[in-house]
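Number of protein chains: 2
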Amino acid sequence: VYYAEKRILSALPKMIDKASESELKQGFETHFRETEHQVDRLDDVFQKLGVESKSVSCPAIDGIIEEAEDIAGDVSDKNVLDAALIAAAQAVEHYEIARYGTLIAWAKQLGYNDSANILAETLAEEKQTNQKLTNLAEKRINLQAAE
Amino acid sequence: VYYAEKRILSALPKMIDKASESELKQGFETHFRETEHQVDRLDDVFQKLGVESKSVSCPAIDGIIEEAEDIAGDVSDKNVLDAALIAAAQAVEHYEIARYGTLIAWAKQLGYNDSANILAETLAEEKQTNQKLTNLAEKRINLQAAE
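Chains as they are written, first to last, in my numbering: chain A, 1 to 147; chain B, 1 to 147.
Source of the hints: derived by calculation from the structure; they are not laboratory data. It is possible that part of the hints are untrue.
It does not matter which identical chain is used: a pair holds within one copy or between any two.
List time: in silico DSBU-like cross-link candidates among lysine-lysine, alpha-carbon distance up to 35 Å [to be verified]:
hint, residue 1, residue 2
1, K48, K78
2, K108, K139
3, K78, K108
4, K78, K6
5, K54, K14
6, K14, K139
7, K18, K78
8, K48, K127
9, K48, K139
10, K108, K127
11, K78, K14
It should be emphasised that the depicted structure is a prediction, and the values quoted were computed from it without experimental measurement.
Given the sequences, and given the hints that come with them, work out the whole structure.
Following this line, the structure appears as C-alpha cells:
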C-alpha cells in the first residue's frame with residue numbers, strides 16, 4: 001500500500017485537472033490531501049514496527065491506474081468523462097479498502113494494535129471517500145452524463 | 001468485466017490448487033462455478049442490449065492477478081499462503097464490487113432496468129463471497145497463519 005498510496009498521489013493531479021463538475025474536482029483535491037496524510041500514517045506504522053519504509057512495486061494499482069487513464073483518454077464529452085473518473089476513482093478506493101482491511105486484520109492478529117488503529121483511520125477515510133463518490137454519481141454526475 | 005470474469009476463471013484453478021484449508025478450497029470451488037454463471041449473465045446482458053459480447057483487455061484485473069501470483073509465489077508456509085490467498089481473492093472481489101456497482105448505476109440511469117437487475121445478482125454474490133472470505137480469515141485462517 002505504501003507504493004500504491006504514492007502512485008495514487010502521482011495520479012490524482014491529472015484526475016483533478018480532468019474533472020469538470022466542481023464538487024467532484026473539490027472531492028479529488030480533498031482526497032489528495034487525505035492521501036498525503038495516509039502516507040504519513042504508513043510512515044508512522046513502519047516506524048512503530050522498527051522497519052525501514054520501502055515501496056515495493058504493485059502491479060495491481062499500476063493496472064487500475066493504467067485502466068483509469070485508458071478510459072479517460074477515450075472520452076470527449078465532459079459529463080461522461082466525470083462519470084468515468086468517478087468509476088476509476090471507485091476502483092482505486094475499493095482496492096485500498098481491500099488492502100487496508102487485510103492489513104488491519106493481520107496487524108490485530110499479530111498483536112500490533114496501535115498500528116491496526118492507525119490503519120483503521122485510513123480505512124474509514126477510504127470508505128467515506130467511496131461513499132461520497134457514489135452519492136455524487138447517483139445525485140448528479142450520472143444524470144448529466146446520460147443526457 | 002467480461003474480460004475480468006474470464007481472467008478470474010483462468011486464475012481460480014491455481015488458487016484452488018494452492019489453498020490448503022478445506023473450507024477455503026471449497027469456497028474457491030464454489031466461486032469458480034458462480035463465476036461461470038456470472039459470465040453467462042454478462043452474455044445475457046450483451047444479448048438484451050443487442051451488442052456482440054466482446055472482451056476488452058483490462059490492465060486492472062491483470063495487475064491484481066499478477067500481484068496475487070507474485071505474493072503466493074513468495075510464501076512457503078501453507079497457513080500463511082492461505083491467508084495470502086484470501087487477501088488476493090478479496091482484492092479481486094473488491095475490484096468486481098466497484099465495477100458492478102458502477103455498471104448497475106449506469107444501467108439504471110440509462111433505463112436498462114432488466115440488465116441492472118441481472119448485474120445486481122452478480123454484485124450480491126461478489127459481496128457475499130467477500131464477506132465469507134473475511135469471516136474465514138478472522139475465524140481461523142489468520143490465526144493459523146500467525147502461529
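Going down the list of hints, with the structure as the test:
1. K48 <-> K78: between (45 Å within a copy, 28 Å between copies)
2. K108 <-> K139: Classified as between; 13 Å across copies, 37 Å inside a copy.
3. K78 <-> K108: between (44 Å within a copy, 20 Å between copies)
4. K78 <-> K6: Intra 27 Å, inter 31 Å, cutoff 35 Å: intra and inter.
5. K54 <-> K14: Result: close both inside a copy and across copies, 25 Å intra and 30 Å inter.
6. K14 <-> K139: This pair counts as within: shortest intra-copy Cα distance 24 Å, inter-copy 42 Å.
7. K18 <-> K78: within (8 Å within a copy, 46 Å between copies)
8. K48 <-> K127: both (25 Å within a copy, 33 Å between copies)
9. K48 <-> K139: between (42 Å within a copy, 27 Å between copies)
10. K108 <-> K127: both (20 Å within a copy, 23 Å between copies)
11. K78 <-> K14: within (14 Å within a copy, 42 Å between copies)
The earlier numbered hints are all upheld by this structure, with none contradicted.
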